[in-house]
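J.: Sequence:
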Amino acid sequence: MNFDPTSFSSFALIGTAFAAAFVAVLWISLVIWTYRDIRRRSRDPLARILAVLVTVLLFFPGVLIYFILRPTHTLEDDYQQTLEEEALLQTIEDIPLCPGCTRRVQTNWMVCPNCQTKLKKRCHHCKELMELSWNICPYCATPVPGMRKENVTLEEVLPPLPDSLFSFDDDDGDLGPQENKL
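Read in my numbering, the sequence shown has 1062 at position 55, and its numbers run on one by one without any break.
Treat the hints as calculated values from the structure; they're not laboratory data. Check each hint, because a few of them may be wrong.
[What the hints assert, rightly or not] Pairs of lysine to any residue residues, derived as SDA-like cross-links and limited to a Cα-Cα distance of at most 25 Å, are as follows:
1. Lys1127 / Asn1115
2. Lys1128 / Leu1104
3. Lys1125 / Asn1142
4. Lys1134 / Gln1123
5. Lys1125 / Ala1094
6. Lys1127 / Glu1100
7. Lys1125 / Arg1110
8. Lys1134 / Met1117
9. Lys1127 / Asp1084
10. Lys1125 / Thr1098
11. Lys1127 / Thr1149
12. Lys1125 / Glu1092
Throw the hints in and build the complete structure from the sequences for me.
T.: What follows is the structure, given as structure tokens:
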């Protein structure tokens, strides 16, 4: 078997060309991957530029530095975590608390068993539980007794005052209540 140095050099040249092409494609793909990854992890334009520059200039050590320094969570992960926290806070806020002692109470309790603070009232018509601030029952549409009535004038609600309370006093001409003079 004859060893031809020219064929070996051409094979070495082709192998080196393929290896260089592979390294170039790997380098470009790592730069693109770094850019895409930092875009998902940070909104800061300076961090994006620096991450790509470190990868472009240092190649494999740059990628290792990027792996060490990159943010641990993506923006999507942070958003999902924020949504989960808000949902958890919403469920915590939905638990009714007594305004008097801030202990947990049931939604169907009328009185707090701990401090006896009135929590709800019953409708006088349908006997359903109502919030204390409600002026009308949402179940039967009956107004709460003693609450303000719409389209009712003051004259209709108050009894008329007797005319004897207001008369002219002939001595001093003042308008005012009659006084017993001795």
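J.: If a hint holds in the structure, say so; if it doesn't, say that too.
T.: Hint-by-hint comparison with the structure:
Distance restraint check for Lys1127 and Asn1115: the Cα-Cα separation of roughly 8 Å lies within the 25 Å cut-off, and the hinted pair is therefore satisfied. The hinted pair formed by Lys1128 and Leu1104 meets the criterion: a straight-line CA distance of about 16 Å does not exceed 25 Å. Distance hint between Lys1125 and Asn1142 is fulfilled; the C-alpha atoms sit about 16 Å from each other, no more than 25 Å. Annotation: proposed proximity of Lys1134 to Gln1123 holds, straight-line Cα distance about 20 Å (limit 25 Å).
A hinted pair counts as satisfied when its Cα atoms are at most 25 Å apart, and Lys1125 with Ala1094 does not qualify at roughly 29 Å. Simply put, Lys1127 and Glu1100 have alpha-carbon atoms about 19 Å apart, close enough for the 25 Å limit, and the pair holds. With a C-alpha separation of about 13 Å, the suggested pair Lys1125 and Arg1110 falls inside the 25 Å cut-off, and the hint holds. The suggested pairing of Lys1134 with Met1117 holds, with an alpha-carbon distance near 12 Å, which does not exceed 25 Å.
Under the criterion of a C-alpha separation no larger than 25 Å, the hint pairing Lys1127 with Asp1084 is inconsistent with the structure, at around 42 Å. Under the criterion of a C-alpha separation no larger than 25 Å, the hint pairing Lys1125 with Thr1098 is consistent with the structure, at around 24 Å. Note on Lys1127 and Thr1149: the hinted pairing holds, with a Cα-Cα distance of about 16 Å set against a maximum of 25 Å. A hinted pair counts as satisfied when its Cα atoms are at most 25 Å apart, and Lys1125 with Glu1092 does not qualify at roughly 32 Å.
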